[in-house]
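K.L.:
Chains as they are written, first to last, in this note's numbering: chain S, 9 to 117; chain Z, 12 to 773; chain X, 29 to 524; chain P, 32 to 172.
Calculated directly from the structure, the hints in this document are not laboratory data.
Misleading hints may appear alongside valid ones.
Claimed, not checked - Below, simulated DSS-like cross-link-like pairs (lysine-lysine); rule was C-alpha separation at most 30 angstroms, straight line:
no.: 1; chain 1: Z; residue 1: Lys506; chain 2: Z; residue 2: Lys441
no.: 2; chain 1: X; residue 1: Lys391; chain 2: Z; residue 2: Lys108
no.: 3; chain 1: X; residue 1: Lys376; chain 2: Z; residue 2: Lys769
no.: 4; chain 1: X; residue 1: Lys498; chain 2: X; residue 2: Lys384
no.: 5; chain 1: X; residue 1: Lys391; chain 2: Z; residue 2: Lys769
no.: 6; chain 1: X; residue 1: Lys391; chain 2: X; residue 2: Lys498
no.: 7; chain 1: X; residue 1: Lys376; chain 2: X; residue 2: Lys180
no.: 8; chain 1: Z; residue 1: Lys677; chain 2: X; residue 2: Lys133
no.: 9; chain 1: X; residue 1: Lys376; chain 2: X; residue 2: Lys477
no.: 10; chain 1: X; residue 1: Lys474; chain 2: Z; residue 2: Lys160
no.: 11; chain 1: Z; residue 1: Lys108; chain 2: Z; residue 2: Lys537
no.: 12; chain 1: Z; residue 1: Lys32; chain 2: X; residue 2: Lys384
no.: 13; chain 1: X; residue 1: Lys133; chain 2: P; residue 2: Lys92
no.: 14; chain 1: Z; residue 1: Lys160; chain 2: X; residue 2: Lys180
no.: 15; chain 1: Z; residue 1: Lys735; chain 2: P; residue 2: Lys92
no.: 16; chain 1: X; residue 1: Lys133; chain 2: Z; residue 2: Lys34
no.: 17; chain 1: Z; residue 1: Lys32; chain 2: X; residue 2: Lys474
no.: 18; chain 1: Z; residue 1: Lys32; chain 2: X; residue 2: Lys391
no.: 19; chain 1: Z; residue 1: Lys769; chain 2: X; residue 2: Lys50
no.: 20; chain 1: X; residue 1: Lys384; chain 2: Z; residue 2: Lys165
no.: 21; chain 1: Z; residue 1: Lys677; chain 2: X; residue 2: Lys179
no.: 22; chain 1: X; residue 1: Lys180; chain 2: Z; residue 2: Lys677
no.: 23; chain 1: Z; residue 1: Lys165; chain 2: X; residue 2: Lys179
no.: 24; chain 1: Z; residue 1: Lys769; chain 2: P; residue 2: Lys120
No experiment lies behind these values; they were computed from the predicted model shown.
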Amino acid sequence: MLSIVIGVLYAVGIFFLLRRSMVRIILGVLFLGNATNLLIFVTAGLKANGQPSFLAKTAEATKPALSDSLPQALILTAIVISFGVVAYLLTLLRKTHEVTGESDLDRLK
Amino acid sequence: MILTAILFAILASCLPFLFMKAKRTQGWLVAIVPALLLFGFLSLDTVNQGNIVEQNNWLPLLGLNINFYIDGLSSLFIYLILGMGIFVFAYANGYMKSYPGKSRFYSFLLLFMAAMLGLVSAGNMILLFIFWELTSVSSFMLISFFHDKEGARKAALQALLITSIGGLSILGGFIIIGSIVGSYEIQDWIAQASLITSSKYSTAALILIILGAFTKSAQFPFHFWLPNAMVAPTPVSAYLHSATMVKAGVFLLMRLGPIFGPTDIWQFVLPLFGSITFLLGAFFAVVQSDLKRIFAYTTVSSLGALVMLIGIDTDLSIRAALMFLLVHSLYKGALFMLAGIIDKRVGTRDIYLLGGLRKPMPIVTTITTLVLTSMAGVPPLIGFLGKEMIYEASIQVPVVAPYLITFSILGNIFMVLTSLYVGYMVFFRKEHHWPKQPQRAGISMAFGPLLLASASLLFGVLPQASIQPYLQSAIEAIKPEHVELKIKLWHGFNKVLLLSIATVFMGSLLFMFRRITVPFFVTFYKKVFTIHFSDRFFSIIDRFMRMNQRKADVVQHGYQRRYLSTIFLFASILLWYIIVQTWGSRSAVQYDSLSWVLAVICLIIVGLSFMSLPARLGRVSVITIIGGIGYSVAAIYLFYGAIDLAITQILVDSLTVILLVLVLPKLPRLVAFTNARGVVRDMVLATVFGSAMGIIAYTSATNPAANKISDFFEEFSLSIAHGKNIVNVILVDFRGIDTLGEITVLVLASLGIYTLLKFKQS
Amino acid sequence: MIVFAPIIIPLIFIILSLSLGKASGAVQRIVFMAGNVTTIGVAVTILRRVLNEGYLVAQAGAWEAPYGITMVADTFSGIMLTLTSLTVGVVSLYSMAWREDKLNKPVFFALIFGLQMGMNGAFIAGDLFNLYVWFEVMLISSFVLISYGSKKIQLKGTLKYVTMNLVSSFFFVAGIAVLYSAVGTLNMADLAYRVREANGELNLFAPSALILMGFAVKSAIFPFFFWLPDSYHTPPLPVTALFSGTLTKVGVYSMIRFYSLIHLPGDVFYTQLFLFIASTTMISGVLMATSQFEVRRLLSFHIVSQIGYMIMGLGLFTRLALTGAIFYIIGHCIVKTNLFLLSGIGYKITGTFNLKQSGGLMKHKPFIAILFFISALALVGIPPLSGFFGKFMLIKGGVESHEFIHVASALGVSFLTLFSMLKIWNEAYAKDIPEDSQTQDFQFGKAPKQLVISSVILVVVTLSLTFGSKFIIDICDTAANQLLDIDGYIRVILNR
Amino acid sequence: MNTTLLQLAARAIRIMMLVISVFVLLRGHNQPGGGFIGGLLAGGGIVIYVIAFHTHQLLSKTLRAMAPLRVIGLVLALGSGVLGMVLGKSFLHAQWFNLNIPLLGTLHMGTPLLFDIGVYLAVTGVMVMVILLLMEDRKWN
């Protein structure tokens, strides 16, 4: 089911990237970012109703129920990185619009 | 030793800059270099002491070594290169006197000489290729010596492009042969000749190499660069375009003769193209009016004769080829120099403007007459010997002899006509239109042609004593098991002599009726040869560039979204290809247990995504949708127990929303630009790609790897890393470097935003 | 331990540059150059040690191999580190004399170090996700650098550059995710180990295709190269020169690194795919280059074309071909950077980048002409200059693998390269300044000495690639051999 | 919206967020939280405060104050790594030691915490800077 969500997110993101309107790019990138993060999360193998990845003092007891912790760390990193990039991209779009006065990408040849 | 000599020659190309002060004698000073080298190489004496092999490792890994191999053939070429070199430098001393940048000229001429020496003495074929390209490059610089003239630039470009097509193709050919033999040494190649010719790739290699030799030696249909290269200063024409560089192709063919000589392709292609070039060159020479172009075309013609002779590949033909090579170098070098003298002294090279130079320039007249006689093949000059041998060799060929003989005779007739006509027009007719009053030529300029002409005479009268041993040892290099051939000026009254006489007679006859014949040939030329190869060459280049311009406009159109569509299109194709390929191999499918909470979240996300699609969308709804999706994704994380992730997602999402709130009002509203068709197309593409990603996600989610490295983290997070929150431990300890990189990204991004917003435009 | 230095040193200098905001310009510059010199020093040290010891491996946080992040330098990394740091150093020297608005600010210096840090990280990363992080460091620096100055044309170019590279990053991450799911590891050596353990059972097509697309956009191969010619000619010239020499090479490096790990013998699909990509990339790049009259754009198209040669080495995947590809990367990086530097010098002198309007350089600046001539011929691969050896090895490798079509396209492309280099030569150097420019009180400008010196340094390096060809090719050969010796790589990192 | 009430609330929120963020940062190693989350929270608090008051002076003052945070953050993170290199086996090699502080008792400290503080500072600095730069650009008023 989550795969469908991922698929939809990718499709919508790409659709946005292919628009001529400048603002859609940022939406597309946000969608793609979410889709990719979900992809990492999903493909790593989900354990339904998984426990948070915290260890009690007796690590052995809770271990089987833990959801995979590494992808979570990866996603965390990825989220923050994409935030930085998105912030930059937003500013770039804003500046481009200011300098060129265009919002139609096709006119920004 | 040989390496030292060639390095010396290369380094010597810096010398002219040292002699810059010696304005009057620069050429003479530079001429010392070839003189020294000639002395050195003469002392090697391959005629009596046999072949010389010198080996220096360079890149044994690639089979590329600085190995030299000097046999009789190389020696002959070396003497030619250096001997002509002396004359040319001496000549240039006078000719180049008044030009600025002549140090550069001498320098490149010396570099060229060094490259040429290397080319003929290289034992490693890749080394030969290196020198081959060096000759092309240095000749490019020499042809475009008058680089501010467009004609010079174009001609140089043409020459370099044509010869470099050939260069690349011989490189290809060499590498193919090299991979058959496992070595690039010419000796190994000759030793393994049968292995090479029996390989199925040898034909391809041979054709490539022949192509290379043809471009360099100006064979039809690549002949046209040579006449155009006449824009070069005359010493260059005399040196490169008569005696040395254009002979490099001939040299290469002679070198490879022992290997490919017996093959059918060799014996078919070379005589065919050689004879065509022979005839066409000679004919084109008749209809030209510029002295240098006339000589250029006769050069083309002679090169054709050489290639034809090499292709016949009998003992006699090789002997003829070598003889003719020598003959041609002597008279053609002299002729170019003389043309240069006339050009300098009278101010034009047009034979229809020149005339009656017999009186004001007696010495030049004498020399030129002598040399032209040699070109016409009249005894006792050496040209006669050359011509005799060509007939002798052509007659002996089985099957195609009649054709070759016809071509040869016709070619030679035109040659005779040209010689007579030029001599008459320039020196002996009465009327003239001189741009300036002719003066006598200086000693420096007359020195070269004089000696060369005397050599023609001397070698013709006494071939046995002067050139026989050198030719003999050169022949042995190509035809190891051949019988000794004597060269005599007079060898009885036979068919060959008859042909010679007939040729001269026919030529003279045509000359007698020059008022009819020459104009006839000119009109004939204009009617028949409407295709000018050279113009065609440039128009092809122009068209090629325009085509590329169009292609560049089509491919690199500047529309970002089409670039992206291309990227996604290819990505989809690749991914779907893989999905289809691996469809059968998936293992048992496990369904993830459904939960209604999850289902609701998923529905929300999908719903929001679709809500965002309409083209016109208020800013508020955009922000709401983005925020909503972000929070829903966070909910999914939470559902699966990834608390840290969920919190971060929520926070980052909130910040993104704040950013959007700040920036969106500054950006234009969302409006539709594309028409319905574009929307449909993009939707299809997006769906195709999205579904591929979905399937991949599904497949890999249901087939997770058995043991993952994250097990380790769960085990040791507390015990060694002292942390219960595994995610955090991974972030700051196990994979701390990632985090370090990540905050660097953040800092750099903030710098970027700073530069974008703070820097005012200049 | 020294393996970390290529990351730590630039980071230290980022910090230094940012904290020296109030210091005088001279101090900032000194720190900038000191940073470059240190980085070069570190890179050379690593290369030397790698040549002696084979591999340099360090585990970040001292966590043993597949679990922590491994930093590993082998000969190929050593070469790339040295190469890029040298290029960055020379371009830095150049940029300080370029004198364009706002160019030599601490922010600019920090960004250069950021770029350096990202590239260095990518070269020594032994972990896929870590590689992604370094890519991002590199990319964000390049984003900012390419938009540096915010001119109109620049912003247009940047937008394309940013969007397409972002998309490629998403591909890359998705690939990593799927790969992790399939193999269960992120460590490259462990990945190779598991691939070999599984003996072909493992199906890595989907992830490697996704990762391929990630790399493909970054290394500008067909049909993913569009961003490059549309953006590279827009930023200030030193930035263009820097990018031209280094950025795409990082993509190529990663590609060679990654596919050598998962490449199994008899893997026809990727061999053919890469060779196809190689030929199409070469041809499409050079064809479009021939028609250009803007020097920087012409040279940008050439970058695309020459990436094709490097990919050809990967496609052939023999020792010889890889050696050739690595040598080609070295030669190309130096020469291409220098051609851009020279076009900048030409701009300072004639005031234009347009070939039609420029000219007269040979007559009036013969020394610059010599520098250009050598570089141009080296790029074309006229022997015995540096481009020749790489090309020769690639063609030889191609012939030995009987890939004649690709050999033919490699040869043809090198002819067209010659053509377009001669075009620059004829237009900018050989011909005189066109009449219509002359009448407008035309005057030759002056190129500051420092610019020329930078270019001379690169020409000297180019020439030393010829004279030291034996030495360099031996190093490249070692690198290629190491690339093929996956078992050795696994052994060193995993102790298995 | 420029009301005293909001400003009052903002003051409180800022202090609260900062305190919470530090708390989240410190407990991050064992429970949800850590440098990122802490940094984001702290950044959020400061941003809200500035939004509430939004005067040019405050804006640029905050910007000036925040800019060095990024650098300090990087220095701390790098420093913890180098510390691992000097004291331990490798770059970023975690070093743990017990601190005896009167009143608080024994504190179990390590370089990862230092690293996390670095992350915290850098994230705070960047977040605030980015948003404030864009705010400044909008020229509210």
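K.L.:
None of the hints should be skipped; say for each whether it holds.
P.N.:
Each hint tested on the structure:
1. Lys506/Z - Lys441/Z: violated (39 angstroms)
2. Lys391/X - Lys108/Z: holds (19 angstroms)
3. Lys376/X - Lys769/Z: holds (27 angstroms)
4. Lys498/X - Lys384/X: Cα-Cα ~41 angstroms, so violated.
5. Lys391/X - Lys769/Z: violated (43 angstroms)
6. Lys391/X - Lys498/X: violated (36 angstroms)
7. Lys376/X - Lys180/X: holds (21 angstroms)
8. Lys677/Z - Lys133/X: holds (28 angstroms)
9. Lys376/X - Lys477/X: holds (12 angstroms)
10. Lys474/X - Lys160/Z: holds (25 angstroms)
11. Lys108/Z - Lys537/Z: With a Cα-Cα distance of about 39 angstroms, the restraint between Lys108/Z and Lys537/Z is violated, given a limit of 30 angstroms.
12. Lys32/Z - Lys384/X: Cα-Cα ~36 angstroms, so violated.
13. Lys133/X - Lys92/P: holds (22 angstroms)
14. Lys160/Z - Lys180/X: violated (39 angstroms)
15. Lys735/Z - Lys92/P: violated (39 angstroms)
16. Lys133/X - Lys34/Z: violated (52 angstroms)
17. Lys32/Z - Lys474/X: holds (28 angstroms)
18. Lys32/Z - Lys391/X: holds (20 angstroms)
19. Lys769/Z - Lys50/X: holds (17 angstroms)
20. Lys384/X - Lys165/Z: Holds, because 15 angstroms separates the two Cα atoms, which is no more than 30 angstroms.
21. Lys677/Z - Lys179/X: OK: Lys677/Z and Lys179/X at ~19 angstroms, within 30 angstroms.
22. Lys180/X - Lys677/Z: Roughly 18 angstroms separates the two Cα atoms, so the pair holds.
23. Lys165/Z - Lys179/X: violated (38 angstroms)
24. Lys769/Z - Lys120/P: violated (43 angstroms)
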